[in-house]
Amino acid sequence: MRHIDDSPITRDGNSLILAYDHGTEHGPVDFEPMPKSADPTHVFEVGRHDAVTAIALQKGNAEYYRAWERENDVGDGAPLLVKLNGNSNLAKRDDYYSPKQCSVRYAAEELDADAVGYTMYAGSLHEDEMWKEFRDVQEAARKHNLPVVMWSYPRGKGIQENDEYTGQEDPDVVAYGARLGLELGADMVKCKYPGTQAGWQQVEDAVSGLKTVMSGGSKRSDDAFLEDVYSTIAVGGNGLAVGRNIFQREDPEGLLDDLERVIFEGTDPAEL
Amino acid sequence: MRHIDDSPITRDGNSLILAYDHGTEHGPVDFEPMPKSADPTHVFEVGRHDAVTAIALQKGNAEYYRAWERENDVGDGAPLLVKLNGNSNLAKRDDYYSPKQCSVRYAAEELDADAVGYTMYAGSLHEDEMWKEFRDVQEAARKHNLPVVMWSYPRGKGIQENDEYTGQEDPDVVAYGARLGLELGADMVKCKYPGTQAGWQQVEDAVSGLKTVMSGGSKRSDDAFLEDVYSTIAVGGNGLAVGRNIFQREDPEGLLDDLERVIFEGTDPAEL
Amino acid sequence: MRHIDDSPITRDGNSLILAYDHGTEHGPVDFEPMPKSADPTHVFEVGRHDAVTAIALQKGNAEYYRAWERENDVGDGAPLLVKLNGNSNLAKRDDYYSPKQCSVRYAAEELDADAVGYTMYAGSLHEDEMWKEFRDVQEAARKHNLPVVMWSYPRGKGIQENDEYTGQEDPDVVAYGARLGLELGADMVKCKYPGTQAGWQQVEDAVSGLKTVMSGGSKRSDDAFLEDVYSTIAVGGNGLAVGRNIFQREDPEGLLDDLERVIFEGTDPAEL
Amino acid sequence: MRHIDDSPITRDGNSLILAYDHGTEHGPVDFEPMPKSADPTHVFEVGRHDAVTAIALQKGNAEYYRAWERENDVGDGAPLLVKLNGNSNLAKRDDYYSPKQCSVRYAAEELDADAVGYTMYAGSLHEDEMWKEFRDVQEAARKHNLPVVMWSYPRGKGIQENDEYTGQEDPDVVAYGARLGLELGADMVKCKYPGTQAGWQQVEDAVSGLKTVMSGGSKRSDDAFLEDVYSTIAVGGNGLAVGRNIFQREDPEGLLDDLERVIFEGTDPAEL
Amino acid sequence: MRHIDDSPITRDGNSLILAYDHGTEHGPVDFEPMPKSADPTHVFEVGRHDAVTAIALQKGNAEYYRAWERENDVGDGAPLLVKLNGNSNLAKRDDYYSPKQCSVRYAAEELDADAVGYTMYAGSLHEDEMWKEFRDVQEAARKHNLPVVMWSYPRGKGIQENDEYTGQEDPDVVAYGARLGLELGADMVKCKYPGTQAGWQQVEDAVSGLKTVMSGGSKRSDDAFLEDVYSTIAVGGNGLAVGRNIFQREDPEGLLDDLERVIFEGTDPAEL
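Chains as they are written, first to last, in my numbering: chain S, 1 to 272; chain U, 1 to 272; chain Y, 1 to 272; chain X, 1 to 272; chain B, 1 to 272.
For the record, the hints were derived by calculation from the structure and aren't laboratory data.
Identical chains share a label here; the pair holds if one copy fits it or two copies do between them.
Using 30 angstroms as the maximum straight-line C-alpha spacing, the simulated BS3-like pairs for lysine-lysine come out as follows: (1) K100 to K157; (2) K143 to K100; (3) K36 to K100; (4) K100 to K132.
Could you build the full structure based on these sequences and the hints that come with them?
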């Protein structure tokens, strides 16, 4: 890891990543609750909120984003985090895998990325292959001086068939995945929320100051969602990567305002 | 995606692609209804109709095309779209796949291509491998400043074995495939007609202005065929890729005239 | 395809290729009927007959050939067609495949080849892999300005398990294989004789003037053999690739004289 | 092998390697007995003991280590041995394998490594693949003038299913693994302690002076542990690679002092 | 093939190769009959006998050899033949394969090799893969002007399951393997002794003057061993590759003297 406190994708040491790769990962069905969210420019606009320190896009939308910035003269939009791998759920696979659809060179030179991201499925039959891809990604990112965010999502047969683990949100599993981010040279890890603050504490204990951002969380009320985020911040977490919870709303401004206070000011949601 | 309205393969924002790769995909059997269509130069001539904004050829015929142009001094023929992958139906495969038989470098430097095309079988066991090939194709095409057309054909075991889908023409499937074109950086997608205008509307809703061209369609009457094309144009579609429906005719001029009016002038076929 | 009428491996538009790769493909057993044929220099001498427009050799014998030319100061021997792939029948495979044992660069720069050849087994489980290898071969050959001959031999499980085909000599199969030569960018295809002149006509109809040479043919009398060759020449074929039928003879001069008249002068064997 | 007596990772010809890759290999569970050991900087400090001639780290921690040195101005810490491959035990595999997660180039140029290490699982279904990776690692290391340490751990189906062997600690197996280090060009091998001095003698007999370090050893008393180390030194061994036995202790100074005397001075532990 | 009569690894056209890769292929067990043979320097010394025209070593021992020469100022030792691939018998494989553990570049530039060797298992499921590796080896060797010796050992399922063959020493099998050496561009082949002089004659008939050396032979008396060697020399063979029969002897001088007379002077052992 490198220290990335002076990177565009952090603010006061923390991050709020607006992730918009659902068209790849789940398909247009994810846009149905809010049809205009199918239009990337709608989400690009949402990303202009001050709370957002990075917008995470697959290659095609990243190209679109840079064109949109040029054409609309929108000034400082959110820094761009190019997600380098991804997958569709159309495919049938023997176990989890996410092919690399964008090179670091392209992200750096053609997309002027501010950071890159890569999903690692430790526990999959394809884990070893993904390590090798991550190696090349990480080293190329160093060459281009780009922070590397690991979407650290342990899952697959190695987890499912191991009686010691309860699943993807088992704190032991999440913490191990996060540790791999440290060991393999990521600068930030994005991890599943393991359900409790104690679980997140395990994550923090495992990574020795490596940046961590919480992913997703259950579809509960805003209050419960903010509580989860706060519970990670309170024990050293560095923020959140969020997608549908934001762009599926008619007006995400309020929630972004609240997240801004929780993530960057450490405000207890009970005081909002 | 990039904007390609100023590309040779579009005219007033739309396209009519004359696809002639049936010798590869199906073999000489496709020429039996019109034996002279086995001769590429016959089809090259057809492509000189003003309606045609691109002729799509595999490498060998693309070489032939450029030689034919030089030798016959035919002036401006149709722009050349080199199809980079393809397959024969002689092979036995575990699932759909289409090997790359032409490099982008060769298409650009030796064939002077105006655009390149790549077939993507999302839903196949080989989907992930094709993503990686498409990545390299797309990035090399950017380097050579060539538009990239994705033949987006979701099919294979991931579709067949998924009870949520009715097959390759399920609008949910077609729209997801089209969205992948946007996410992965294509400049145009070629999609199966999903049977209804509402289905095509789903496609358009999923791609945020990415160019779309309809593929094939059933072997119905000219009127029904033109209706289908018009139904896509009317909701934002950008045209048609057509093969046998043109070159298997004794005289394709009339149909090309009609397609020109529908695609580039938006004329309702009922008014032709 | 490119026009290769001015290539050393054609004469008046046609070719007679003396193929000598049986040591690779079948092993020394093929030399038993004529033991001296095991000695490549014996065959090199045979290749000096005017009828021969190319001698096809695997890499090791091609090295030997060039050394023999230098050491014996034999003047103009037959042009050298380096066969780039091949296989032994010692191996056990799941389906037909022929590994590449010589690079185009080596053939061009070190062996001073006049042309290169590649065997394509369309219909095999390995067809797709062979397409990719052929792609690289073809493009490298263009770079070195060498004609590319495709040994187009559709076979394997895709053919065997397809009830529509009767086997490797089914004219539909042979013609499809030949068409692939055109589509993939070969300059000449070498095809099995499909048994009848009508069958070869199908081949010619499929390739639009691409050079074709007949391969092998059954072990019949000289008259029958010459008849087969003539039957292909008469409908547009461009000649013959022949191996054992020549080098297994004590004195192949007579047959070569006859083949010269049939192939390059179009003489009906009945008039010889 | 090359002679590495003048390398930073040896002292008077011997080595004590502090290995800290347990976060990769076993996950955070290995830090539970001594929670502060999860913090790499704690272990970096331990590594400053004079007895330590190298600290072995995976890429991410190696980056961390170099940053820690710069930021803390700690003077001469332990030389850095970058471990180039590793694996998590989350994955499910058909047999042992350890993917390469760091290139030699990165280790040399970006991490300023003093040596590199690679785990070889001879006996695994993946042995042949690992030979090829080791080949490239070894040759790249030569280019950068870095010593190469092979973690030589024969295991997997080839060992398990061979009735001649009793397992990973069978002296015949350990000695064969060590010999492979010599044959393949390692400069030092790290081997399992085969249980007896006679067993280690077999190792030494097999490697003709190649540096050997003992790995792990059973979790016995300090006295027994030191005895094992001494038993290898006494017959030509060159030291120890140790991890948990050191960093899981509250105060490892005492044991390191003792190891220093045993390894570098050849002191019999009975005399400590 | 190239003519290698002026190569350091031949003398008067013939060769005696001292092969010492048993530590790789069989492990330390091969040194048990003569423990000092585990020490490479012992064998390096043996190699100084005038009869030896090449010593064949795996990479690590080749490094050791060059260091030994420098450090001991031994003058002209045996020329170095670097064996580029090899395998351990610890591994479990589906069929015979021998991974490449040394690059030609490394052998040429760093080891100053006089020749390179590669084992080819025709008949194995991995035969095709080995052809491709041999291709690259052979072409790289040409670039560095190094003779290429093929250890031509047909074996594996293609042989075992073929009722026409009696096994690895079937003269038809051995001769086919030797022929592949010629066809694929080797400069010398090392073949199993097929049991009879007539069998070796078959080998010679198949290779048209390509250098051949006999491998191993059964563990019979010296007289019988010399008889076998002589029987190959008498029909055109070029010598012997020998390992255990030499270095497992307390004093190999006598046998080397005899071999020298048989191989280089063509003396009938009956006259020794």
